[in-house]
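Colleague: Numbering (the numbering used here), first residue to last: 3 to 810.
Honestly, the hints are just simulated from the structure, not real lab data. Cβ coordinates follow ideal geometry from the N, Cα and C atoms, glycine included. Careful: at least some of the hints might be erroneous.
[Unchecked claim] The calculated DSS-like cross-link candidates involving lysine-lysine, where the alpha carbons are at most 30 Å apart (straight line), are:
{"hint": "1", "residue 1": "K438", "residue 2": "K164"}
{"hint": "2", "residue 1": "K452", "residue 2": "K164"}
{"hint": "3", "residue 1": "K706", "residue 2": "K12"}
[Stated by the list, open to error] Derived CB-CB ranges, DEER-like:
{"hint": "4", "residue 1": "C417", "residue 2": "E192", "range": "20 to 28 Å"}
{"hint": "5", "residue 1": "T347", "residue 2": "N585", "range": "49 to 57 Å"}
{"hint": "6", "residue 1": "D278", "residue 2": "G309", "range": "21 to 29 Å"}
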Amino acid sequence: MELKKRYDAKESEKKWQAYWEKENVYKFDPESHEEVYSIDTPPPTVSGKMHLGHTFSYSQQDFVARFQRMLGKTVFYPFGVDDNGLPTERLIEKMKKVKGHKMPRNEFVKLCYNTVEEIRDDFVQDWKNIGVSADFDVFYSTINKHSQKISQRSFLEIYKEKRIYRKRAPFIWCPDCQTAIAQVEMKDSERDSKLVYMKFDTTLNEQITIATTRPELLPACVAIHIHPDDKRFKKFIGEKAKIPFSERKVKITANKDVDMEFGSGIVYHCTFGDMDDVKWIEKFDIEPIEILNKNGTLNEFAGRFKGLHVKKARPEIIKALEEEGRIEKIEPIKHVVNVHERCDTDIEILTTDQWFIKYLDLKQDFVKYGRKIKWFPVHMRARYENWILGLKWDWNISRQRYFGIPIPIWYCKKCSEIITADEKQLPVDPLVDTPKTKCKCGSKDFIGEKDVMDTWATSSLTPDIAAELFKDKKIYKKLLPMDLRPQAHDIITFWLFNTVVKSYFHHKDIAWKNVMISGWALDPHGKKMSKSKGNVIDPNKMIEKYSADALRFWAAGSRLGDDLPFMEKDLVTAQKFTTKIWNASKFAFMHLQDFKKEKPKKFEIMDAWILIKLNKLIKESTENFMNYEYSHTKLETEKFFWHSFCDNYLEITKDRLYNSDKRGKDPKLSAQYGLYTALLDIIKLMAPITPYITEELYQTYFKKYEKIKSIHISKWPSLDLKENKPAKDAEKIGDFFVYVLQHARRAKSEKNMSLKDPIKNILAKGKIKKTDFENIKEDLLSVTKAEKIVFEALKEDSKIDYEVVVDV
RNA sequence: GGGCCCGUGGUCUAGCCUGGUAUGACACCUCCCUUACACGGAGUAGAUCACCAGUUCAAAUCUGGUCGGGCCCACCA
3 MELKKRYDAK
13 ESEKKWQAYW
23 EKENVYKFDP
33 ESHEEVYSID
43 TPPPTVSGKM
53 HLGHTFSYSQ
63 QDFVARFQRM
73 LGKTVFYPFG
83 VDDNGLPTER
93 LIEKMKKVKG
103 HKMPRNEFVK
113 LCYNTVEEIR
123 DDFVQDWKNI
133 GVSADFDVFY
143 STINKHSQKI
153 SQRSFLEIYK
163 EKRIYRKRAP
173 FIWCPDCQTA
183 IAQVEMKDSE
193 RDSKLVYMKF
203 DTTLNEQITI
213 ATTRPELLPA
223 CVAIHIHPDD
233 KRFKKFIGEK
243 AKIPFSERKV
253 KITANKDVDM
263 EFGSGIVYHC
273 TFGDMDDVKW
283 IEKFDIEPIE
293 ILNKNGTLNE
303 FAGRFKGLHV
313 KKARPEIIKA
323 LEEEGRIEKI
333 EPIKHVVNVH
343 ERCDTDIEIL
353 TTDQWFIKYL
363 DLKQDFVKYG
373 RKIKWFPVHM
383 RARYENWILG
393 LKWDWNISRQ
403 RYFGIPIPIW
413 YCKKCSEIIT
423 ADEKQLPVDP
433 LVDTPKTKCK
443 CGSKDFIGEK
453 DVMDTWATSS
463 LTPDIAAELF
473 KDKKIYKKLL
483 PMDLRPQAHD
493 IITFWLFNTV
503 VKSYFHHKDI
513 AWKNVMISGW
523 ALDPHGKKMS
533 KSKGNVIDPN
543 KMIEKYSADA
553 LRFWAAGSRL
563 GDDLPFMEKD
573 LVTAQKFTTK
583 IWNASKFAFM
593 HLQDFKKEKP
603 KKFEIMDAWI
613 LIKLNKLIKE
623 STENFMNYEY
633 SHTKLETEKF
643 FWHSFCDNYL
653 EITKDRLYNS
663 DKRGKDPKLS
673 AQYGLYTALL
683 DIIKLMAPIT
693 PYITEELYQT
703 YFKKYEKIKS
713 IHISKWPSLD
723 LKENKPAKDA
733 EKIGDFFVYV
743 LQHARRAKSE
753 KNMSLKDPIK
763 NILAKGKIKK
773 TDFENIKEDL
783 LSVTKAEKIV
793 FEALKEDSKI
803 DYEVVVDV
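Given only the sequences and the hints, what does the whole structure look like? Please build it.
Modeller: Right, here's the structure in full:
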């Protein structure tokens, strides 16, 4: 029952983590009759180790989960890992030093499966270490059979609604990963480049100059565009231009999309340099030239440049143009290009067969759904809507990769008919399995679809994947729509939006009632953390050096949605907090050894005072937590604990606790009651933030009275002050007390005296009754060490509330 | 170019919705080893709340604008 001199976080955190697991403290009970609070936990991408951004946002969501649990709700808090698709392939390739496309497909896929299994436990352990209170037995992986089945079923359902189509079309392509990617998977990257001014011959016997950053696409030039209002070049419209190094001539057309200010003011239209080129193909009904191979090399349309990678072809073509005297000038420029966010490779546009979900016509519905969800913080919804309104392409869900969930489709060898898998045979691998029926044409020969689905096509189903771990429909219904989707703001456009889309198709309902969006952990200068900048902080090292509680305490320091710079000194502050609460508890437990949780007949004023302040804190904290404002709870509880409770209240009660022979049993009991209640409630308020030390303190002393096996399933504090009957005006009287105490301390400090030194006299004036003063006089004398206190009551209409003169 | 967020003592931050000159931490300075804690305590100093204008008796707080920083999206062929 006694606490050790110092708190040992390392030992304690290990101990309670094991205890929670053994005692099933966070186990989801599907049979419970309590209200359910279901959480759509983000499955972290399996990528080796947890990073500080994870620590930050998972801590924040865990605050909420723990709070809801303490409200008495049955919390559904599953845990999954996202180990599906391209990011996993990249990880395995790096770990095992292999290349997916250089191995037999099934061997690579097997290697991925095995490796993912192998590293999973270690990976998940990081989340356990920071105290995430998920039920780790309610577990899924986005590549396991369960997820495959649901993901393929989703594909088939949407296919049946005629919202999935296959089309050969120009689309965003990553030549390094050799797969199509989605609009959302691109990011910007600034590159040094050259703006090359090339001279073309025309049918007007006059040359025109075209500026481009992509001269290597010259052989795929299909038209020249000039703004119809451009006086300089208007005369060329309707004429033709000759493509250098070939006999081909292309039309010069009028196009209002042309920016007359840029470059030479004339655009050469290649297939395909960017998405405008795709648009113009349709607009002007032009036949494209597909010049690129899937690996980014030029094909036979490039003539003498055939076989060169675009990067190599660029200088070669410039050189050749120079030799023909066709270069007017070359300007070095910086410009922004789209790259694949997974590998930083410049994207290309290639014409390939792809599967799409048709949803552009549903934009308004998605906006509507977004408005049915409660957003915390509310401004994050604007990002969601902004993204939807900017969408230009249907959702490309096929990837030309290996380790992913197969598209459950076959093609008839004879008549090319598309055969879908039967729901009963899911999950299915069309490269191994065959359809259950024969084709309409009678053929039994099929070719399985090689493409796999985009990872987001599966991770957008996490509410279903998690809920369907329970086969019972009744339970399933209790869980959906979920109460909460917690996540960081960077994937609003990916994961959040895609989940809304899937929920729209499958449930015609929102996926969750609330979303909470976390910010990012930044470096001390407010910059993003990234490996290339070398400013990455390893959370495990910080846990080792401080504690998981300290990291969580830090994570509770920013408002939901705000980014937070990481400064190690904040962990020092956090550690100070744990030390302080440890020491305060040491004091409290010492004086509570003979306490029987009895209420005193009458509360001393200062005990009533702390309870009233505590009650205000609890009310405020509960309200804030309801609105996901955990940072307020943390801030206010910390202040209350440190200043009201430790600096003042503990000092004030000492005389009654230590000297009960002199002061009497009841005044001591009153102090004990205040001490017990305030400390227990403080650790309960902090339990969601710092689960380990609060559990240690609870288990050491409070458990034997409270009878609940863990603080984390104990009831969130609520104080009934009426029942406790504090004296009228106790708050006002107590505030006066503290004011006098402050003055006494100040006077001593100014005279360089020790706080234990006695002082001669205090003259205290205040707007309280003489009889009330008599009730606090003894406490006040003992805590100030004053020999005498003279009190004068101030009139109610007096301009000042208090006045104190200290005579040392 | 479009959308959103932010701008408070040296640093980080509370307060802003629901107007009455400001919270706490770190750092600094002075003092105090007092029976929970020196991994502590007491105290001093330090902010015209980015700028301008408006509303108001009164603005960090509301309205409009300016400047600066950040994020997301679009985009230069």
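Colleague: For each hint, tell me whether it holds in the structure or not.
Modeller: Consistency of the hints with the structure:
1. K438 / K164: Judged against 30 Å, a Cα distance of about 22 Å means the pair holds.
2. K452 / K164: Holds - the C-alpha atoms of K164 and K452 are around 21 Å apart, at most 30 Å.
3. K706 / K12: holds, 24 Å
4. C417 / E192: 20 to 28 Å: With a Cβ separation near 50 Å, C417 and E192 fall outside 20 to 28 Å, so the hint is violated.
5. T347 / N585: 49 to 57 Å: Holds - the Cβ-Cβ distance for T347 and N585, about 56 Å, lies within 49 to 57 Å.
6. D278 / G309: 21 to 29 Å: holds, 28 Å
Against the hints set out earlier in the document, a violation occurs for number 4 only.
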